[in-house]
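The lines below spell out each chain.
2 protein chains.
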Amino acid sequence: MDHNVDIEYEGGEHVERNGSAYDERGMPRQPLLSKNRINTSSQIAIVGSNICPIESLDYEILENDLFKQDWRSRKKTEIFQYVVMKWTLCLLIGLLTGVVAFFNNLGVENLAGFKFLLTTNFMLQHKYYEAFFIFAGINLFLAVCAGALCAYIAPAAAGSGIPEVKAYLNGIDSHSILAPSTLFVKIVGSILGVAAGFVVGKEGPMVHTGACIANLLGQGGSRKYHLTCKWLRHFKNDRDRRDLITCGSAAGVAAAFRAPVGGVLFALEEVASWWRSALLWRTFFTTAVVAVVLRSLIGFCRTGKCGLFGEGGLIMFDINSTIPNYNMVDLLAVILIGVIGGILGSLYNYFVDKVVRTYSYINGKGPMVRVILVAVISLLTSCCAFGLPWFTTCVPCPVGLEVECPMVGRSGSYKYFNCQPGHYNDLGSLLLNTNDDAIRSVFSSTNPNEFRISSLSIFFIAMYVLGIITYGIAIPSGLFIPVILAGASYGRLVGILLVNFSNLDVGLFALLGAAAFLGGTMRMTVSLCVILLELTNNLLMLPLMMLVLLISKSVADNFNHGVYDQIVRMKGLPFLEAHAEPYMRHLVAGDVVSGPLISFSGVEKVGTIMHSLRFTSHNGFPVIDEPPLLESPEFCGVVLRSHLIVLLKGKMFTKDRRLTGTEMLQKYHAFDFAKAGLGRGPKLEDLDITPEEMEMYVDLHPITNTSTYTVAETMSLAKAAVAFRELGLRHLCVVPKTHGRPPVVGILTRHDFMPQHILGLYPGIDLQH
Amino acid sequence: MDHNVDIEYEGGEHVERNGSAYDERGMPRQPLLSKNRINTSSQIAIVGSNICPIESLDYEILENDLFKQDWRSRKKTEIFQYVVMKWTLCLLIGLLTGVVAFFNNLGVENLAGFKFLLTTNFMLQHKYYEAFFIFAGINLFLAVCAGALCAYIAPAAAGSGIPEVKAYLNGIDSHSILAPSTLFVKIVGSILGVAAGFVVGKEGPMVHTGACIANLLGQGGSRKYHLTCKWLRHFKNDRDRRDLITCGSAAGVAAAFRAPVGGVLFALEEVASWWRSALLWRTFFTTAVVAVVLRSLIGFCRTGKCGLFGEGGLIMFDINSTIPNYNMVDLLAVILIGVIGGILGSLYNYFVDKVVRTYSYINGKGPMVRVILVAVISLLTSCCAFGLPWFTTCVPCPVGLEVECPMVGRSGSYKYFNCQPGHYNDLGSLLLNTNDDAIRSVFSSTNPNEFRISSLSIFFIAMYVLGIITYGIAIPSGLFIPVILAGASYGRLVGILLVNFSNLDVGLFALLGAAAFLGGTMRMTVSLCVILLELTNNLLMLPLMMLVLLISKSVADNFNHGVYDQIVRMKGLPFLEAHAEPYMRHLVAGDVVSGPLISFSGVEKVGTIMHSLRFTSHNGFPVIDEPPLLESPEFCGVVLRSHLIVLLKGKMFTKDRRLTGTEMLQKYHAFDFAKAGLGRGPKLEDLDITPEEMEMYVDLHPITNTSTYTVAETMSLAKAAVAFRELGLRHLCVVPKTHGRPPVVGILTRHDFMPQHILGLYPGIDLQH
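Sequence lines, in order, name chains Z and B.
Residues 1 to 769, numbered by the numbering used here, are exactly what the first sequence covers, in order.
Residues 1001 to 1769, numbered by the numbering used here, are exactly what the second sequence covers, in order.
One should not assume that every hint holds.
So, partial list: chain Z residues that the calculated Cβ filter (under 7 Å) puts toward chain B [what the hints assert, rightly or not]:
#1 Glu269
#2 Ala291
#3 Val403
#4 Met694
#5 Glu695
#6 Lys719
Please keep in mind that the hints were generated in silico from the structure rather than gathered at the bench.
Just so it is clear, CB atoms sit at the ideal spot from N, CA and C, and this is done for glycine as well.
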């Protein structure tokens, strides 16, 4: 289990750090660090379903002789190929994500529509028990299918996926998070899960889907089947893949909400850790493609060839409320909505955290248990959806309505449910419907009295509670829709209560309520604002929407973190924050780094390298040029484990300690050292080194990254952290200040900047200053 | 003149670098570098009106003992004060920028409205000569006022201001670019200039105004009049000021276009060089305040209390075109618009560049000449506006029109001009009108035949040419409005030509044409898209708008740079690009740095410091701890010129070489070393050091930034450039690789990364690889 935590530790294991390097300080760290270790372990244990090795990614440009030679020899055509492929890949990502999103919608609408048609049929014949069994049965079947896929094939596909993609773009590669199997289960599981009537969205999964598609496209086909695309070889590194995945996640949001600008902003504000102007431009292109693809496909469906699917244009919830000139009372109402929304949103996060921790424990018992949990929640959801409307009375249909009332045929508002003719069940209209239709109903302002206070209250409570207890079970589950459902019903409720005081209509109140809830849970501002504007096509709401988002975020920030950050922490992913913590100012880089450091000589004995690779889990090793090659030891750079394995596999060994760089540059090509796809690179176990070869030497210079960033040991930890994060590093070498010591005293990795690590070393530290 | 270039050079002047350090390479650099120097100088000479010293800004966190002590002793109330002030300042920036933008609009509408009323009055009486003299006379008067203000009071207020703000946020402080006088002239000059009928916008100047307001608020009142706010003292550094100015520029865009989300994106995409999520959140708050303030003030004006001002809501050009289902022909038309728009846009940039270079030469002759140039362009503009409509024939008014035709009273469409009753002059309606009204007319789609092909063609050419020849004269002049004017008329022209083939109406074509031109000149994507959407309140245009922007930017990028980048380059500002150039990979940090380096000992003789300060223009000096304090020399950190002057002013000198750090920490406060407002800090000339004091010693440790980032001399220049840019550095120390040399071999500043510097040193370098 500790493997998870320690796999990336360089320069000694946790225990070594603790035991050896800092005893002279005389602090009682040993017991505290041990405690901390247990905490970390138990944290991992809690998310038992996600036991997987994590690995850091190399977002730094590696400059070794081999790569430099490659750059220098790169022809104009190759540079042209790179640029063409860059845009082609963005085009493909947009295209595929758009198509997947379309089929997702198509699948959900048809499955759910068929289910509701069947159920309504029995209801009309007053066969209520049969109706319930059909309804709950179909739900259970779909749910178990989704759960089984998640539990048995790709556990990484469970949940929203946004936290994992966020962590990936921060430099943390969780196991198989972007694998083909994950992609498949995410797409199918999401369709099944949403169609099964769970209070989950398809938005989070779409982001994950987009990222998976981008990752697979970037890997460029299968090497096994000789289907690799030669033009894609320049993308075989973490850096270019990161850009593609950023585009993919933007495409996912754009496809889910049909909000291209919102998608770009979402990627910028929430998902990506590094951003540059060029990326804005590429993500924008990708989401534009998504918008065009979706628009065309939906236009095709308008002709009625897509079964039960056919509703909606490019904008999902077209609110046609007129925007009045709001007055002071309206502003007060908006502020109230924001404050309460912020509080309820942070409470939502709190409960989600507790529930997910509990579920992780349950899920850890095995795949079978996970499927059972999914089944239980499915039955509970079905009972709520079918049972709760019985507690309300029927409402007479309003006169002069443009739509059918009571509605019997397909999904929509004014559901017949159990009512006498000319009446409809308002709670049934909300609960016995797809999530999208329910949101559309709550946002609608054509009939302010469509839903009564009592029904809305029940619906709000049901959505709030079901949303919380559904996240964390083994199905792909987005958080946006549950939060919008709860928020919109809460907002409409407030609107009905304030109808005599305010100029705003109930539909707008619902929109503001949804914004307040989203602000309170997700803690985004600009991207949510733009997504909601694009969803509802209502630019004049902008100032009020901004106000409510600012207030709810500010209020909620006083209590806890955003829901995605919370999940990242809970999963124990070593996420690097953009800012350094205040207490890091009073520590120096040398304080958190520790020995003994494992380093290699410029021309090293094969046996030494093999030993180090076998008996440590380090991924980067400093290379030090030593006498007799030089007068005094000099720091040369860092080699990566993966490059070492490739080098050893080539067996270009020499009997004596001499430089073989030029020969190696002829034999190897930079492409040999490119980042392989998931689990495809050569492994340490595959190496077959004879005892004689163990005694031979190998020249490490051609694969040593000679432009490694370094910090002096007296550099403040805060500024080392800033450099580590801003430059996207994986290893940061610490060099000594004084002469007469080895040229490198240690390596900092992202774990060394984690608060729990530092607070474990220095428990007495002042956190505020 | 060379002062401009050299003021920031550390570690030796240009000539020294050239002469001494690289002779052994045997490259014929001497003549080439000299040539380069001449080039640079002539570049500066061209922009003669902007002869001003530039200084780099410290965006790095300085960690010296004094500051560290301050952080440690900071009380909770102080941290609270800081947070409160941060948000209060954003609120104030939004508030003031909104109010200024409102008064700007108010002033322009009233001045221009009065002018047009007077002119129309004479026209109605057929006194055409009198009308022209009144029209041209008022224009000339307003223009000369604006020109005189710019030429005599604040030359920095001329032009758009966006390039300078962009450079500031990149770390380059041009002289008095954010001074109070600049702010005053920018506001008043912009009102006068736009009212004078120039083809200029108020948008660029608003961005500059917002940045100036932010800068002044951040400086916190006047120290001279004891009006400083104690709570603001934590903002007295370049880093916090940078954030405020980012908020200010976003507020400026938000106010100019009444586009709050567009403002945030503009700041992100075009203006800011460093960005973090927290900033998104603060700029969003600022622009939200702007939106609310503007909305309230404009709501007040609807009651008719603002004179001739009263048009328009929060959205400037409310396009009510219906969006049809566009087909393949429409898409082809859109692509065509994008391609031609991109070509014309890049041509626009090309001509602007040529014209501005010419004008800079003329402007260099003195303020009087500048005013004359303004007067000439004003007369030319008046002649065009009044003269060109005579070349067209009158058009009969269409029947069933909702607005008055021909219009006589106030500004608007369907101008009477010289026509018989029941007719209007379509070209006159466009030319004899404010820019805003002209744009509104071209965007309008109520009457597709309102403007004829001939009139639109003349208008397009007039706007294209006038826009080019107006930018660069000594008035505050935005580029957005000229580009939108030319682009919209071009788009409408295409629309009229394609009316039989396309479903889109002429108003939409005009919008797409404006987008194509903006994309072709400014090269922004997401922010332009959102600004245009917010301007026109038409979300359904999004996919087409994205397409046209992508195409026009892609096309134009093949020819030259965006107009703002071009102006930054032309002004000779050492702007750091986000990416390193390919040829930098094959140089190392040591290749561009050169000796002799001027460094100080940890405890240094006062005379040595005074001598270095006087006879070099360096702003940062490495501090090296030497024997006898240490066994061997060790690099301690970097001290800044400004801090040294404050330290010398305090005169805490000792007779012998000893450490006085602890006493100094008691005597000085971090606030003493805070960044002073413009031109307010103590100056070298103010120091009064006696000859005895010159022989004494001063301890530099308390003000030495001990956490200086360093790179090894063998680090590739590309990666050093990335670190320099990403970490927001001003000085980057280069340390030696081998032992037995001084602990610092040189300092890199932003000038060392400039292509002209590197290409001057290595003229034979391969630019492509």
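Status of the hints after comparison with the structure:
1. Glu269: holds, 6 Å
2. Ala291: Constraint on alanine 291 of chain Z satisfied, holds at 5 Å.
3. Val403: At 23 Å from the nearest chain B Cβ, valine 403 of chain Z fails the 7 Å test, so the hint is violated.
4. Met694: violated, 32 Å
5. Glu695: violated, 31 Å
6. Lys719: Hint holds; lysine 719 of chain Z Cβ to chain B Cβ min 5 Å, cut 7 Å.
In summary, the structure is inconsistent with hints 3, 4, 5 from the numbered list given earlier, while agreeing with the others.
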